[in-house]
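Engineer: This is what each chain is made of:
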Amino acid sequence: MASLSFQHVYKKYDGGVVAVSDFNLEVADKEFVILVGPSGCGKSTTLRMLAGLEDISEGEIYIEDRLINDVLPKDRDIAMVFQNYALYPHMTVRDNMAFSLKLKKMPKDEINRRVTEAAKILEIEHLLERKPKALSGGQRQRVALGRAIVRDPKVFLMDEPLSNLDAKLRVQMRVEITKLHHRLKTTFVYVTHDQTEAMTMGTRIVVMKDGFIQQVDSPTELYDNPINTFVAGFIGMPPMNFINATINVDGSDVYVTFENVTVKLPDRYAVEEVMERDGQEVIFGVRPEAITDEATYVTEHPETAFAADVDVVEMLGAETYLYVTVNGALPLTCRVDPTTSQSTVGQVVDLAIDTNRIHLFDKDTEQSIIS
Amino acid sequence: MEEIKKCIKQAASILKTEAGVMDTSGVIIASTNPDMEGQQDSASRAVMLSEDQFSSTSDKSYMKIILNDQVRYIAYLDGNDANTRVNLSLLGEWIKTVVKEHGTDAEKELFIKSVLLENELAGEIPIKARDFKINCNEPRLVIVVRTSEEDGANTLDILQSIYGENSNSTVLAMDESTSIIVLNVADLNEDADKNAFVDETSQAILDSLNNEGITAYIGVGSFVPLFQQIAKSYRDSMLALRVGKIFEKNCYISKYNQLGIGRLIYQLPSTLCRMFIEEVFPNEAYRSLDEDTLATIDCFFENNLNGSETSRELFVHRNTLVYRLDKVKKNTGLDLRSFDDAVLFKIASMVRTYLEYLETSKDNMIR
Chain F
1 MASLSFQHVY
11 KKYDGGVVAV
21 SDFNLEVADK
31 EFVILVGPSG
41 CGKSTTLRML
51 AGLEDISEGE
61 IYIEDRLIND
71 VLPKDRDIAM
81 VFQNYALYPH
91 MTVRDNMAFS
101 LKLKKMPKDE
111 INRRVTEAAK
121 ILEIEHLLER
131 KPKALSGGQR
141 QRVALGRAIV
151 RDPKVFLMDE
161 PLSNLDAKLR
171 VQMRVEITKL
181 HHRLKTTFVY
191 VTHDQTEAMT
201 MGTRIVVMKD
211 GFIQQVDSPT
221 ELYDNPINTF
231 VAGFIGMPPM
241 NFINATINVD
251 GSDVYVTFEN
261 VTVKLPDRYA
271 VEEVMERDGQ
281 EVIFGVRPEA
291 ITDEATYVTE
301 HPETAFAADV
311 DVVEMLGAET
321 YLYVTVNGAL
331 PLTCRVDPTT
341 SQSTVGQVVD
351 LAIDTNRIHL
361 FDKDTEQSII
371 S
Chain E
1 MEEIKKCIKQ
11 AASILKTEAG
21 VMDTSGVIIA
31 STNPDMEGQQ
41 DSASRAVMLS
51 EDQFSSTSDK
61 SYMKIILNDQ
71 VRYIAYLDGN
81 DANTRVNLSL
91 LGEWIKTVVK
101 EHGTDAEKEL
111 FIKSVLLENE
121 LAGEIPIKAR
131 DFKINCNEPR
141 LVIVVRTSEE
151 DGANTLDILQ
161 SIYGENSNST
171 VLAMDESTSI
181 IVLNVADLNE
191 DADKNAFVDE
201 TSQAILDSLN
211 NEGITAYIGV
221 GSFVPLFQQI
231 AKSYRDSMLA
241 LRVGKIFEKN
251 CYISKYNQLG
261 IGRLIYQLPS
271 TLCRMFIEEV
281 FPNEAYRSLD
291 EDTLATIDCF
301 FENNLNGSET
311 SRELFVHRNT
321 LVYRLDKVKK
331 NTGLDLRSFD
341 DAVLFKIASM
351 VRTYLEYLET
361 SKDNMIR
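Same order as they appear, the protein sequences are chains F and E. Counting with our numbering, you get residues 1 to 371 for the letters of the first sequence. Counting with our numbering, you get residues 1 to 367 for the letters of the second sequence.
Do not rely on the hints blindly, as some may be mistaken.
Cross-link-like lysine-lysine pairs, in silico, DSS-like; alpha carbons within 27 Å at most [said to hold, decoys possible]:
1. F:Lys131 / E:Lys194
2. E:Lys194 / F:Lys12
3. F:Lys133 / E:Lys194
4. F:Lys102 / E:Lys9
5. E:Lys6 / F:Lys102
6. E:Lys9 / F:Lys105
7. F:Lys108 / E:Lys16
8. F:Lys74 / F:Lys108
9. F:Lys105 / E:Lys6
10. F:Lys104 / E:Lys5
11. E:Lys16 / E:Lys6
What the hints contain is simulated information worked out from the structure, not anything from laboratory work. The structure displayed is predicted, hence computed values, not measured ones.
All chains should be built: construct the whole structure from the sequences, respecting the hints.
Structural biologist: In structure tokens form, the structure reads like this:
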């Protein structure tokens with residue numbers, strides 16, 4: 001169990017390439033923090049610096065209150081789990097789990113105790129005498145987790161551990177890892193490029209891009225209040241619709257206009273940051289679920305309603321995605337309720353936006369206009 | 001060693017008593033009681049000094065195993081009666097036959113190392129290989145793993161745990177920080193198979209070592225069709241390791257067949273490189289480029305010379321980027337917005353990196 005502290009951490013390579021820039025993060029004891037971002041954003045490099053597998057160019061990393069910049073990886077009291085299970089093919093599950101402890105010359109009784117305990121936690125006691133090739137993907141991943149658990153580390157580091165699993169198993173293992181975190185009550189740092197994994201598992205999420213932290217927040221805050229278009233577009237599936245729109249102010253009312261559609265914004269947008277942009281272009285962000293084709297809602301909210309052509313309807317059971325085009329030019333994605341939606345392909349459908357769930361971003365900086 | 005261990009394991013089921021084999025220094029290398037392995041036998045010194053082949057203490061009997069007039073191992077059995085002596089003779093002869101049959105691991109390793117370092121005559125390799133049950137007509141791939149010296153022993157343990165029981169593959173230590181894996185790849189046919197195999201294998205090795213807290217650099221050689229040619233694969237793997245480390249940032253796995261332009265630059269004589277640098281950057285013009293400018297250039301190249309993307313990624317105004325690129329043009333004469341100049345700058349930067357490597361590296365250590 002340990003807290004972590006990253007203070008102005010940089011990773012620079014020869015020739016000026018900066019993989020991680022001014023990374024500052026405080027992770028509380030027992031927290032489950034997710035580093036998420038597209039490929040090349042520096043998330044794995046950050047994790048590897050924490051693990052000691054990568055040198056730190058500048059800045060300091062602390063585990064509890066101990067500066068670990070120059071501490072050898074094996075002395076940092078951490079355990080890593082990789083996408084690759086990295087199991088030894090000729091060893092049994094028991095021997096695989098015991099291997100790192102044997103390298104540390106730990107007494108046999110203690111090794112046995114730890115392996116048995118970890119196997120019990122992961123419910124793989126019946127697999128202990130099997131070899132990796134006789135295990136399924138999920139079972140192998142559990143063994144890989146078991147190898148980390150037996151070390152009894154202060155911090156668990158996981159680098160895309162579920163990427164090798166099929167979609168169904170991935171969902172199952174997501175739950176397993178979350179349960180494991182609750183059970184072990186240890187600090188977890190987890191790297192993924194999959195925003196669904198990030199949203200479902202983490203207590204806090206660090207969104208990264210091009211080596212910079214974009215936003216650190218709880219999953220709900222990231223979803224509801226993204227600070228820029230990158231975070232807004234990265235978190236959420238289907239992604240947020242971004243519409244080039246113009247702000248129009250009429251007295252104390254604020255409107256956005258796009259493709260001959262005018263939408264009145266709620267009163268909370270009648271603030272200086274928005275009003276001063278009268279006549280200026282902004283990026284209007286609308287999540288797919290904030291656009292509805294429900295007749296009652298559309299009738300009751302004429303100030304946010306507009307018509308669109310339905311191009312594609314995707315029925316997913318619990319929800320339906322409508323891919324529509326406004327005035328033949330602006331494509332939008334809507335997530336609607338299949339029990340009330342009557343929309344069909346080729347139809348012109350009336351839609352309305354729930355303006356309590358919209359976002360405005362500056363066109364140049366792409367930062368959120370009001371927080 | 002593995003063969004001797006197997007032998008002792010089988011003996012255990014027949015003899016129903018503790019049996020084992022130690023090396024000439026008295027360290028038990030195989031025992032029916034696994035706890036004893038690695039322990040020192042206190043009587044070994046006396047046994048070695050004795051002129052007799054058989055010796056005994058109050059509870060154990062010992063037999064020297066002599067090969068080519070040299071004591072190579074000492075076999076022992078619990079007990080010191082006549083029956084024990086008979087059993088020990090049988091066990092000793094059995095081990096002798098096994099060792100003769102397979103050669104010892106140490107001898108086999110020495111032979112493979114000798115082939116890797118090109119110390120064997122080409123014509124003699126197949127003949128000697130036959131003694132070690134090595135099939136020369138199957139393709140091989142050499143992978144070199146480099147770590148820090150203090151991690152060398154653990155690295156070897158880990159690699160042997162991955163490949164140790166695979167009789168087709170050999171793991172050996174070249175020095176304290178370099179381990180070599182010679183893989184038999186007879187099962188691979190298609191090029192696609194080979195590429196996937198290289199990717200998976202090298203990543204699995206790296207992850208296994210990282211998992212134990214070991215930072216490693218891996219060089220993957222070329223596939224060779226015969227065992228006699230493993231020296232070439234070894235040379236290629238070392239070249240890959242070196243070139244990867246010089247030219248690729250964040251590079252832990254370097255593959256001989258994917259070295260890119262670094263392969264060409266690495267082959268150039270340093271005088272030619274210096275002439276080229278003097279031509280592109282007269283009067284060491286590159287020294288005028290500070291860290292920020294270099295980072296900007298790198299980002300500009302990564303974004304395919306796209307100014308908007310670069311300025312967005314660097315959080316700078318587009319005009320700032322234009323100013324920086326103008327400054328590069330003024331200092332070096334190269335306008336990076338032009339494709340030809342950008343290519344020239346990129347290659348010159350790599351050549352400069354190579355020259356810096358030549359100046360700073362006093363030996364061939366990659367770390």
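Engineer: Next, verify each hint and record whether it holds.
Structural biologist: Hints, one by one, checked against the model:
1. F:Lys131 / E:Lys194: 25 Å, holds
2. E:Lys194 / F:Lys12: 34 Å, violated
3. F:Lys133 / E:Lys194: Given that 27 Å is the threshold and the Cα spacing comes to 21 Å, the pair holds.
4. F:Lys102 / E:Lys9: Holds, at roughly 21 Å.
5. E:Lys6 / F:Lys102: 22 Å, holds
6. E:Lys9 / F:Lys105: 24 Å, holds
7. F:Lys108 / E:Lys16: Holds - the C-alpha atoms of Lys16 of chain E and Lys108 of chain F are around 24 Å apart, at most 27 Å.
8. F:Lys74 / F:Lys108: Judged against 27 Å, a Cα distance of about 20 Å means the pair holds.
9. F:Lys105 / E:Lys6: 24 Å, holds
10. F:Lys104 / E:Lys5: Within the cut-off at roughly 23 Å; holds.
11. E:Lys16 / E:Lys6: Holds, at about 16 Å.
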